[in-house]
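We have chain C; now place chain D onto it with these hints.
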Amino acid sequence: QQQVKQSPQSLIVQKGGISIINCAYENTAFDYFPWYQQFPGKGPALLIAIRPDVSEKKEGRFTISFNKSAKQFSLHIMDSQPGDSATYFCAATWGANNLFFGTGTRLTVIP
Amino acid sequence: KAGVTQTPRYLIKTRGQQVTLSCSPISGHRSVSWYQQTPGQGLQFLFEYFSETQRNKGNFPGRFSGRQFSNSRSEMNVSTLELGDSALYLCASSTGTVQETQYFGPGTRLLVL
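Just so you know, the protein sequences line up as chains C and D, in that order. Our numbering puts the first sequence at residues 1 to 111. Our numbering puts the second sequence at residues 1 to 113.
FYI, nobody ran anything at the bench for these hints, they're computed from the structure. Note that the Cβ used here is the ideal one computed from N, Cα and C, for glycine as well. Check the hints yourself; a few may be wrong.
Now the in silico label distances, taken between C-beta atoms and shown as ranges [claimed, not checked]:
#	chain 1	residue 1	chain 2	residue 2	range
1	D	Ser27	C	Leu46	14 to 20 Å
2	C	Lys15	D	Arg73	38 to 44 Å
3	C	Leu46	D	Leu111	45 to 51 Å
4	D	Leu113	C	Lys42	36 to 42 Å
5	D	Arg67	C	His76	37 to 43 Å
6	D	Gly28	C	Pro8	26 to 32 Å
7	D	Ser86	C	Arg61	33 to 39 Å
Bound conformation, chain C alone (with noise of 0.2 Å):
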């Protein structure tokens, strides 16, 4: 079953908006939450990472909000670009390096 849940699939934000990302665990044993863009044509490359310990973690235009009660994590992408259309996905895993990857969101940000 899907280990970690994604959503929305698809998202269409104006040039300047902000992009909301949604996901969810159910595995509390999870310690590392990373997300993903990934191109067409080109493999996922991480954008961002935060561990369950800090609720917040901010890289420039693109913040991970995280929720640990709630089993539940977003990608804030603020001032969005046509740059950034992308799919995004985010990921979970513990003490080891195989992820566990959402279904992806495909972002089109309009100019």
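Coordinates of chain D only, in the frame set by chain C:
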């Protein structure tokens, strides 16, 4: 530094055949992980090799196997191909420290007819 390279980039095979895919990690990286990406199942972990040993394994049948050489290059093999094996196969390299950044290659797209 050169990135992760995968060969071949595209492959067409028929059912019942076997296939070998190759991955060259970033120089100095000792861990290589393999993932299968399909529209239906998404990204799924196959296995990880570290210092020529399989360190972790996903939930795939025994037809999927891999190995790693002393120079950290890795190969994965799929025997008795099925139509459902059509996918993008991605490898990712990292230093080997657990949960360090994994750098993905562009993938090998396999089509099974």
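Worksheet item: Is the gap between the beta carbons of D:Ser27 and C:Leu46 within 14 to 20 Å?
Response: With Cβ atoms ~19 Å apart, the hint holds.
Discussion item. Range first: 26 to 32 Å. Now tell me if the beta carbons of D:Gly28 and C:Pro8 are that far apart.
Written reply: Violated, since D:Gly28 and C:Pro8 (Cβ atoms, about 39 Å apart) do not stay within the stated range.
Discussion item. Taking 45 to 51 Å as the stated bounds, is the beta-carbon spacing between C:Leu46 and D:Leu111 within them?
Written reply: violated, 28 Å
Worksheet item: Per the hint of 37 to 43 Å, is the separation of the Cβ atoms of D:Arg67 and C:His76 within bounds?
Response: With Cβ atoms ~41 Å apart, the hint holds.
Worksheet item: Does the Cβ distance between C:Lys15 and D:Arg73 fall inside 38 to 44 Å?
Response: holds, 43 Å
Worksheet entry | Consistency of beta-carbon spacing, C:Lys42 to D:Leu113, with hint 36 to 42 Å | violated, 25 Å
Practice prompt. Return holds or violated for the Cβ distance of D:Ser86 and C:Arg61 against the range 33 to 39 Å.
Written response: 36 Å Cβ-Cβ, so the 33 to 39 Å window holds.
Consistency with the previously given hints fails for numbers 3, 4 and 6, ordered from lowest to highest.
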